[in-house]
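Visitor: Now for the letters of each chain:
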Amino acid sequence: MSLSSSDHKAVARRYLWSGLGFLAFGGLLALLIRWQWAFPGQPVPGLAWALPESHGALTPPTYTAVFTTHGLVMIFFAVTPLLFGALGHFVVPLAIGARGLAFPRLSSVGFWVYALGGALVLASFGLRLGPASAGWTGYPPLSTSVFTPGLGQTLVTVAVLCAGVSAFLYGLNFVVTVVRCRAPGMTWGRLPLTVWGLFFASVLNVLFVPVLAAATVLVLMDRLLGTQFFVAGAAAVGGGGDPLVYQHLFWLFGHPEVYILILPAWGMVGDFVAFFSRRPAHGYRLTAGAMGAVSALSGLVYAHHLFTSGMSPVLGRTFMVLTLLISLPAEVMFLNWLMTLWRGSVRLTSPMLAALATMSVFGLGGITGLALGAVATDVPLHGTLWVVGHFHLTMGAASFLGVFAGLYFWFPKMFGRALHEGLAKAHVLASAVLFLGVFGGQLAAGYAGQLRRLYDPYQYTYLRHLLPLNQWTTACAFLLGAVQGLFVVNLAWTLRRGRAADANPWRVGTLEWTCAPSPPPEGNFARPPVVLRGPHALSQPESIERLGRDWLGQAEDLPASPATATSPEAPVALTSGGAS
Amino acid sequence: MSDLAPRPVEASSEQVGGASPRTWTLALPEDASAHGHRIDALLGWSHRFEAGLALVAFGWMAVAVWRFRKAPRATVAHGGTRRSRAWVLGLALGAFLVVDGTLLVGSEGYLRDVLWNLDVPARDPRTARIEINAHQWSWEARYAGADGRFGTADDVVTWNDLRVPVGVPVWVQLVSTDVVHGFSLPHFRVKLDAIPGRVNQTWFQAAREGEWEVACYQHCGTSHYRMRGVLRALSPDAHAAWLREAGRQAERVYDADDSAANWGWEWKAP
Ligand SMILES: [Cu+2]
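Chains as they are written, first to last, in the working numbering: chain A, 1 to 580; chain B, 1 to 270.
This is chain A alone, in the form it adopts within the complex (with noise of 0.2 Å):
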């Protein structure tokens, strides 16, 4: 693999690994911050050489490092790099039937800014003198060098920008690519959901990371230059701008931005289902069309971040009332899913036990969202664990999930080996389980009153009975984090010497598994395909009837009668009876 190459595979390639490495430092901050929950001032086991002064336990100042650091790098530096940089880099090329990303060297460009950011991310981390503290939020003045002089804060600013920059990049490159670069014959009819929801956050990129791009330099000018866009005409500061607009610029980007996070999940969850009910997915366009919906809606529901601002009642009431809507669409969504399972010939592999996890986590997160989106009932539970545990269902573990979807769906395709599908199937069914644990005990430590980001939550003496719950959640984290190894070890087993991959595995129809090799030379196709069908071709009465097996190609010819049956995959998928 080379570093230089602009080849959309080998970038998807490196967007991999070093989305991967942010994954598991963000998840070892995280199991950091339950650590203190748990055992609140103690020593971390194996952390004294990081922090000699105190023995390996956290202090006030080192834990507000590791929440913030955990959040943007989590964000920022691992689910939306894999969900777009590694799986959308690779997938949306090869789905839609294309030669390549519409701008091959704006994609290698746009990692390298992101791996700035990364850098940038993890020296502000080392910095012994000030990391950044002001949460992931990084909410002005406390963001200002008034609050936080230090150079962490100050890098990690630059970093979300960079950060910003390649999502941009990948955005912009992704949209055009898939309205300009489509296979003749691939009508948007006919586009795999996933296409769709990649393509639909893309656009949410387009639209919204500029705005995240506005707040961070205007913060990094308040930092650098000693404007005050954002400081404001308080007795101690004395400036004349306001923290608020830096609130309302954070979340029109924020809120999409989980859009743009669980877009991706939703459409795999849309065509995994159908791939492995041998289904077609019940109500393409009804799918296809709310994902439209809620990326329409996405950027008008953001101020319910902000119910709790002070914000004038008609805002808040008009918030309240469109945040409510977009639940709508998402349940015409859920049931399509639910639909297509239904009178199914349900095969769980490793990638459909992910996108039925990725379901279900998905389903409790956005559950647990409808009591933030009234202003009377978000009131009680604003700031708290409970906000914390629904978007980390959402965000974190539906994103999460969906990630090992993809990849245990897509990885034989990208790397023409096979991993072992009993260990990924403990190792998603195992994260499921809990994921459910641990943030299902944040929902009801904060339905119990727990603020977040408390370095001691046990100063209240009304969350003193929380203690056993945060130690039961703690040991679910720890677990999940364990569990995280099973992953690992296959991953690196399977590239040494995992046996090669059959060509279609899955026995699906989609241009990457029917019309190229595992894994697809430059330029990923031989000949570009001509596109006849749409991508759940399955369980086809006539495919049944004159091939024989239960998948067509979307760009296979259908022969006329059994007799010519030419298809080399024929015989395979005969005896095989689909994927198991």
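Mixed in with the good hints there might be a few duds.
As the list claims (entries may be wrong) - Every beta carbon over 12 Å from chain B, so not counted as near; a handful from chain A, in silico:
| no. | residue |
| --- | --- |
| 1 | T64 |
| 2 | R285 |
| 3 | P329 |
Stated by the list, open to error - A short, non-exhaustive set of chain B residues, derived as facing chain A with CB atoms under 7 Å:
| no. | residue |
| --- | --- |
| 4 | V88 |
| 5 | L97 |
| 6 | V98 |
| 7 | D100 |
| 8 | L103 |
| 9 | E211 |
Since the hints were made in silico from the structure, they are not lab data. Just so you know, these numbers come straight off a predicted model, no measurement behind them. Note that CB positions come from ideal geometry on N, CA and C, so glycine has one too.
We have chain A; now place chain B with the ligand onto it with these hints.
Guide: Positioned in the frame of chain A, the structure of chain B with the ligand alone reads:
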């Protein structure tokens, strides 16, 4: 949903926080306010809906996977009929109207009657007014003294110690001197940002005497977790007596040149 009237005053007394061994139950912090029961009831409904939706979705999923696992494959010509798609739309719309509708209507009622209805404290002559200035990392509270005006010599100032009379509206106006803080009274279902450069306001009413905690819910720096205050709900007589005495003492030590101590503002009209 439940009665609209504020809770009558109860005479019981509580220790700070009212921590009780409810370790494993999914229970809100104890409600000590006159109006919190309306939010609690709405939350209760929301959780019933949430449980119902989860039950239906997971039940459906589990049954489908269990029943059709490796089922002999059937020929399927389409991804749903017009009828099955209509069912999806209808079910989604029905769930949306019931669940989101209840939340919207219930929430709107509370906003109209309580949260955004500052007429209640404005009209009630007994209303107690407090100006709060949030700092890294403490709550500074100011009470107009005997003259009823803020920014005068008999203003009473306390640190991390809020004192309010039971059974009357308490009207809070809130600013921050440094960063964004989050003023919250978990036992009164009150939460509001303290933001530099603007005055935010809210109100609540204590239903019984006791001591409760004031918490900061916005990350405001290293010692955010120690930004803890205590709110004492006193009988109106005890509160008045305390305020009288504290105002007298404040007047004695008043220093017009101490600009840091004289941060109060003329009460902002709603
Ligand atoms: Cu604070």
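Visitor: Now tell me, hint by hint, if it's right for this structure.
Guide: Here is what the structure says about each hint:
1. A beta-carbon of chain B comes within 12 Å of the beta-carbon of A:T64; the shortest separation is about 6 Å.
2. Against chain B, the non-interface label of A:R285 is violated: not every CB pair exceeds 12 Å, the least being about 9 Å.
3. Chain B draws A:P329 into its interface by the beta-carbon criterion, the shortest separation being 8 Å against a cut-off of 12 Å.
4. The beta carbon of B:V88 is positioned within 7 Å of a beta carbon in chain A (closest approach about 4 Å), and the interface hint is therefore held.
5. For B:L97, the interface hint is violated, since its Cβ never comes within 7 Å of a Cβ in chain A; the closest pair sits about 9 Å apart.
6. Interface hint status for B:V98: violated, as the beta-carbon distance to the closest one in chain A is roughly 11 Å, over 7 Å.
7. Below 7 Å, beta-carbon pairs count as interface contacts, and B:D100 has one with chain A at about 4 Å; its hint therefore holds.
8. A cut of 7 Å between beta carbons decides the hint on B:L103: the least distance to chain A is about 4 Å, and the hint holds.
9. About 10 Å separates the beta-carbon of B:E211 from the nearest beta-carbon of chain A, more than 7 Å, and the hint is not met.
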